[in-house]
Amino acid sequence: MKRLSSLPLALALALMAAPAEAHIRQGEASGFLSGLAHPVSGLDHIIAMVAVGLWGAQLGAPAIWLLPVTFPMVMAFGGFLGLIGIPLPGVEIGIAVSGVLLGAAVLLEFKAPLWLAAMLVGVFGMYHGHAHGAELPPGEDGLLYSLGFVLATGALHAAGIAIGTVHRWNWGRLALRLAGAGISLGGVAFLVEAL
Amino acid sequence: MTDAMMRVIRFAAALALLPGVASAHLVSTGFGPVTDGAWHFVLSPEQFLPMAAFALLAGLRGPVHARQTMFVLPLAWLAVVVTGAALPLGWGPIVMAGAFLLTGGLLAADVKLPPTLVAVLAALLGAVSAGAYGAEDGSILATLGAAFTIFVVLALVSSAALSLRGGWPVIAVRVLGSWTAATGLLLVGWTLHSRP
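Going down the list, the protein sequences come from chains A and B.
So the mapping is simple: this note's numbering equals the position in the first sequence, first residue as 1, plus 26.
Residue 150 in this note's numbering is what sits at position 167 of the second sequence, and the numbering runs on without skipping anything.
The shape of chain B in the complex, shown without the other chains:
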């Protein structure tokens, strides 16, 4: 393993440990609503992780899939937040657990999906993610900040996956997919377990 890879792993571990307990309150950075919205998305693993897993999946499939995903998913997310549509009360956690399970499962199995289906799934993921959590404070600037961050994260993650040329790096990505799916399955159980 090269020094550069070790640095990336250490930095990723540091970033993964940064989020505290997810709360229903908008992050206040002191840098204005755009930055608040961006950080709210980054510090919300329930939104961030399925999208990152989906970006990896799209990147593994190829440039067409990746380009579609990086535009379709944020636009679908933005459309749902702007229209104020939301999932029925209590459905958010179970739907997002399903999103973890589906995106992780597809990534672990390295399923060869056609571009159209990837676009449809990207739109669905963006829509349910927005319907489950949205932008929290309703500010248009915070919403735009979050949507732009989603676009950037999808672009970075999918391009990183695109650069992989098989072998161990792809296997490592598939292992990440299996961990995402396993987390989703546990979350489904957890959600059902917590219901009265």
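Same shape as in the complex, but just chain A:
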């Protein structure tokens, strides 16, 4: 029966296959998969979003669930600003700094008060969302694209939280801090590039 439980997943994967076309559509926000791919298209976004989950796991309740609830909404607000053309200065720098600071928070196991953690994550979420919104190519289906986009963002947070569960063990705490150091160094590299 365990094999049978995988049937819906296999069916879904089979249905995801797009029809072969004579022309490759490049740069179009054409649907769910396009939206799903967008947040994972840049390492600078990935490390920051995973860091949010890692930091939430280190902070424990209520931050562990409050941060993933607030981040998509603030990020979507940034995306909304980008979509309607309202500029946000220093977006690339803000994204790089988010990697540096969120990585440092994980490295140092920074026990920030909830309001400060939410504010930091919220501000950085807006930068990430704005970059995505401003980069959006012309599209066919805004709803499916947006759904894919939000699901991918949530999945990155969930991955961070899942990895962060190793925090209960001593070796896990050390591994998380090392991961934080790696994220922070990655942020520094992106910051140098942005400057």
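By construction, these hints were calculated from the structure, which means they are not laboratory data.
Every residue, glycine too, gets a C-beta built ideally from N, C-alpha and C.
Among the clues, some could well be false.
Taking lysine to any residue pairs in the SDA-like style, the calculated list, with each CA pair at most 20 Å apart, reads [what the hints assert, rightly or not]:
#: 1; chain 1: B; residue 1: LYS95; chain 2: A; residue 2: THR96
#: 2; chain 1: B; residue 1: LYS95; chain 2: A; residue 2: LEU92
#: 3; chain 1: B; residue 1: LYS95; chain 2: B; residue 2: ALA106
#: 4; chain 1: B; residue 1: LYS95; chain 2: B; residue 2: GLY149
#: 5; chain 1: B; residue 1: LYS95; chain 2: B; residue 2: VAL153
#: 6; chain 1: B; residue 1: LYS95; chain 2: B; residue 2: LEU159
Computed Cβ-Cβ distance ranges for the label pairs, DEER-style [as the list claims (entries may be wrong)]:
#: 7; chain 1: B; residue 1: PRO152; chain 2: A; residue 2: ALA215; range: 37 to 47 Å
#: 8; chain 1: B; residue 1: SER142; chain 2: A; residue 2: ALA184; range: 20 to 30 Å
#: 9; chain 1: A; residue 1: PRO139; chain 2: B; residue 2: ASP93; range: 20 to 30 Å
#: 10; chain 1: B; residue 1: VAL94; chain 2: A; residue 2: ILE110; range: 23 to 33 Å
#: 11; chain 1: B; residue 1: GLY149; chain 2: A; residue 2: ARG194; range: 14 to 24 Å
#: 12; chain 1: B; residue 1: GLY149; chain 2: A; residue 2: LEU69; range: 29 to 39 Å
#: 13; chain 1: A; residue 1: ARG194; chain 2: B; residue 2: ALA155; range: 12 to 22 Å
Fit chain B to the given chain A structure using the hints.
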């Protein structure tokens, strides 16, 4: 996570991936207009998702809220479709984006709404959803099929939410609400971005 929960998640993922690009044409299943209407609703995420989010909200609030929602929302939807009322041309996408934003926001914040207000919001959601998209082909049997499916979806989703007893499952539902609201906010931006 239990095996049963994993099976439900896999099945839900499969269902979520099933809808293709939403089109303005009625689904033709070959099983008659009632089934066509039912599948049209199920395969229209712009109608299905805000209603599912609202059912979760009503279920979290309690049985009175859930019962009101499962009757008021489909009846309001049916009334608007039958009377042929529609939103002004071009207003459908922005209004439905607002519906995503409002229902998702209320669910994410786990707002303690009184039953009367939930009933009013359910009626509004049913009415605007019907006004924005309706039953597409005007067939009364397809309309009834869609309305009955709305009732069943609301009953199933709200009863699932009613059975939750706090803790992680409720947090997961609230996260779903934040994703719904975030989708709505992006849709508002997308709609404004697409306007000439």
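Do the hints match the structure? See the list:
For the proposed pair LYS95(B) and THR96(A), the alpha carbon gap of about 19 Å is at most 20 Å, so the pair holds. Annotation: proposed proximity of LYS95(B) to LEU92(A) holds, straight-line Cα distance about 18 Å (limit 20 Å). Restraint check for LYS95(B) and ALA106(B): satisfied, since their Cα atoms lie roughly 18 Å apart, inside the 20 Å limit. Only pairs whose Cα atoms come within 20 Å are accepted, and LYS95(B) paired with GLY149(B) is accepted, the gap being roughly 15 Å.
Taking the CA atoms of LYS95(B) and VAL153(B), the gap is near 14 Å; set against the 20 Å cutoff, the hint holds. The straight-line distance between the Cα atoms of LYS95(B) and LEU159(B) is roughly 17 Å, inside the 20 Å bound, and the hint therefore holds. At about 40 Å, the CB distance of PRO152(B) to ALA215(A) agrees with the hint of 37 to 47 Å. Taking 20 to 30 Å as the suggested C-beta distance range, the pair SER142(B) and ALA184(A) conforms, at roughly 26 Å.
Evaluation of the 20 to 30 Å hint for PRO139(A) and ASP93(B) yields a pass: the beta carbon distance comes to about 22 Å. Restraint check, VAL94(B) to ILE110(A): a C-beta distance of roughly 27 Å satisfies the suggested window 23 to 33 Å. Under the hint 14 to 24 Å, the C-beta atoms of GLY149(B) and ARG194(A), about 22 Å apart, fit the expected range. Between GLY149(B) and LEU69(A) the beta carbon distance is about 38 Å. The supplied range of 29 to 39 Å therefore holds.
Between ARG194(A) and ALA155(B) the CB atoms are about 21 Å apart, so this pair conforms to the stated range of 12 to 22 Å.
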